[in-house]
Amino acid sequence: MSDNDTTIPARRRFLVQSAAAAVGAVAGTAHAEEAAPPGIPDWMRAPGADVGSQTYGTPSRFEAGLTRNVPKGLKQYTSASSRSPLQDLDGILTPNGLFYERHHGGIPDIDPAKHRLLIHGLVERPLILTMEDIRRFPSESHIYFLECSGNPGFEAIKGKTASDLVGLVSCAEWTGVRLATVLREAGLRPEAQWVVAEGADAAALTRSIPLAKCLDDALLVYSQNGERLRPQQGYPLRVLLPGFEGNMNVKWLRRLNVSAEPAYSREETSKYTDLMPDGTARQFTFVMEAKSIITRPSGTQRITAGFHEITGIAWTGRGRIRGVQVTTDGGKTWQEAMLQEPVLNRALTRFRLSWTWDGTPTTIASRAIDETGYVQPSFEDLTAVRGLKSFYHNNAVVPWRIAADGEVANGYA
Amino acid sequence: MATREFRAFAATLLLVDIAGSALGAERFEIGRPATEAEIAAWNIDIDRDGRKLPAGHGSVAHGREVFEAQCASCHGQKGEGDTGEQLAGGQGTLASAKPVKTVGSFWPYAPTLFDYIRRAMPMNAPQSLSDGDVYAVSGYVLYLNGLAVENAVFDAKSLAAIRMPNRDGFVPDPRPDVKP
Numbered sequence: 001m002s003d004n005d006t007t008i009p010a011r012r013r014f015l016v017q018s019a020a021a022a023v024g025a026v027a028g029t030a031h032a033e034e035a036a037p038p039g040i041p042d043w044m045r046a047p048g049a050d051v052g053s054q055t056y057g058t059p060s061r062f063e064a065g066l067t068r069n070v071p072k073g074l075k076q077y078t079s080a081s082s083r084s085p086l087q088d089l090d091g092i093l094t095p096n097g098l099f100y101e102r103h104h105g106g107i108p109d110i111d112p113a114k115h116r117l118l119i120h121g122l123v124e125r126p127l128i129l130t131m132e133d134i135r136r137f138p139s140e141s142h143i144y145f146l147e148c149s150g151n152p153g154f155e156a157i158k159g160k161t162a163s164d165l166v167g168l169v170s171c172a173e174w175t176g177v178r179l180a181t182v183l184r185e186a187g188l189r190p191e192a193q194w195v196v197a198e199g200a201d202a203a204a205l206t207r208s209i210p211l212a213k214c215l216d217d218a219l220l221v222y223s224q225n226g227e228r229l230r231p232q233q234g235y236p237l238r239v240l241l242p243g244f245e246g247n248m249n250v251k252w253l254r255r256l257n258v259s260a261e262p263a264y265s266r267e268e269t270s271k272y273t274d275l276m277p278d279g280t281a282r283q284f285t286f287v288m289e290a291k292s293i294i295t296r297p298s299g300t301q302r303i304t305a306g307f308h309e310i311t312g313i314a315w316t317g318r319g320r321i322r323g324v325q326v327t328t329d330g331g332k333t334w335q336e337a338m339l340q341e342p343v344l345n346r347a348l349t350r351f352r353l354s355w356t357w358d359g360t361p362t363t364i365a366s367r368a369i370d371e372t373g374y375v376q377p378s379f380e381d382l383t384a385v386r387g388l389k390s391f392y393h394n395n396a397v398v399p400w401r402i403a404a405d406g407e408v409a410n411g412y413a
Numbered sequence: 001m002a003t004r005e006f007r008a009f010a011a012t013l014l015l016v017d018i019a020g021s022a023l024g025a026e027r028f029e030i031g032r033p034a035t036e037a038e039i040a041a042w043n044i045d046i047d048r049d050g051r052k053l054p055a056g057h058g059s060v061a062h063g064r065e066v067f068e069a070q071c072a073s074c075h076g077q078k079g080e081g082d083t084g085e086q087l088a089g090g091q092g093t094l095a096s097a098k099p100v101k102t103v104g105s106f107w108p109y110a111p112t113l114f115d116y117i118r119r120a121m122p123m124n125a126p127q128s129l130s131d132g133d134v135y136a137v138s139g140y141v142l143y144l145n146g147l148a149v150e151n152a153v154f155d156a157k158s159l160a161a162i163r164m165p166n167r168d169g170f171v172p173d174p175r176p177d178v179k180p
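Going down the list, the protein sequences come from chains A and B.
UniProt numbering puts the first residue of the first sequence at 1, with every later residue one more than the last.
UniProt numbering puts the first residue of the second sequence at 1, with every later residue one more than the last.
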């Protein structure tokens, strides 16, 4: 930047700024001096907006394009999903407004003063709890990822962006009470083996949770990233089962039925079961296995020859990520990526690898290894076992193809 | 019970036993007791064997009327699917290259049909049908799948007696199943 910048005529300055805006963060084809702002920009020449001019802050107007990725042209939007814009996010925490959505009966508008949680079934003391009651229990905060079990389906891998492909995963700090604490308050009877959770939505969504999970790390959550849950994430109360498939983490929780058997509800028989090539379907496939994706550079971005930091996210429902390997030569060789500390149990882990692109077409990809030694499989290896019809639990490696012009595209397509 | 299923079950029992004894100790005296009447009003869970199905009954003929008025606009006149899921057909396709998952081809337990329709359907007005209407519509969907006769009347006993074609089609989770 030079002092001369301030003397650029207004019209030219406008053109320069427009060009800079159009180029975007990854492309960077404009010359540095063209993209530089004026030496003393307008926003330094007068006071900015008043303190408190936004009582609940929102992103800069220049970030208006950063939104949930809502699929177009669905038959209906009551039971559907929207994705987090993974390729535009940094770190491991998903902003609450960009957390992925999957609802089965729309988003209920619940008055917390009228919300109750009923605990019944195989308990000594059936209980009704208000939200005030629930917040009186000892609380805990943990950072956990949450992922929809169909992220993406095996036949839905033609998306363009990282979000299109794997945007049904997000991560947050959750605050609530241990489910074990609340079950203890009601007193478990010896025959108790499962807890059937029901949401207060128009689907009255029901999933059965094995008691062992309920007594382990399961939470009843009322806050996310420091503030109360958003309606899309289950306000005022939800179940949080670290590492388990998203829909079991019942939102808008209103009832826990402690039972000897699962409910065998629609959502754990006809849905969220994995159809195998022999016609059998796997049932109670709870854990989300290790997975990773490069979010930058990724689909629809364009890069130039030279230095790039490859970065992305990895996670596993079985604990911590041990390592992430990255290939920049289409799978011939794999390098160890650096993991951003802290590497947390059942949370997203950010990985990075410095890379200099020589301008020749190639394919880049990442694969995660978790603390159990499990290695994220290729799509070929995964579908060799499961076929293409199981829909759920596709955790395959996502390859990004980079063309000679630097355009990054889905390596499956 | 399959061996693997039994092992998982036994492991769960063991865990619960350990946790159960450790959990006995502390209580906070938070919340209030729920009455039997409150529980009965809230609890709409049906088990797979139909032991929790409520009183009441409904005929396939009445089910057709309810279905055509409240269900067909999304699921099609014969359950062939539209904005709503396909409900009928597909039997024998699960192991094929184009499996069609419907109530008749895929759902393992008929009482689950009652549970789901009562709690979640019709999508624009869930929990609006009477128990008799839910029996009727459940029966009509079974009829559309060739699993009930046209003059059938369903209640707790007869719905629980239906053996769904894919009852034994589900297996436990064997993962991790893909080796590097």
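Since the hints were derived computationally from the structure, they do not count as laboratory data.
It is possible that some hints are incorrect.
[Claimed, not checked] Derived list of chain A stretches under chain B, where covered just means 3 residues or more per stretch with a C-beta under 8 Å from a C-beta of chain B:
1. 36-44
2. 251-262
[What the hints assert, rightly or not] So, partial list: chain B residues that the calculated Cβ filter (under 8 Å) puts toward chain A:
3. Ile44
4. Trp107
5. Glu150
Every residue, glycine too, gets a C-beta built ideally from N, C-alpha and C.
To see whether the hints hold, each was checked on the structure:
Residue count for the stretch 36-44 of chain A with a Cβ under 8 Å from a Cβ of chain B: 0. That is fewer than the three needed, and the coverage hint is violated. Requiring three or more residues with a Cβ within less than 8 Å of a Cβ of chain B, the coverage given for the stretch 251-262 of chain A holds, as 5 such residues are present. Checking B:Ile44 against chain A by beta carbon gives a least distance of about 7 Å; that is within 8 Å, so the hint holds. Interface restraint check: B:Trp107 against chain A, minimum CB-CB distance 5 Å, threshold 8 Å, status holds.
With a cut of 8 Å, the hint placing B:Glu150 at the interface with chain A is violated, because the nearest CB-to-CB distance is about 25 Å.
Hints 1, 5 from the earlier list are contradicted by this structure; the remaining hints agree with it.
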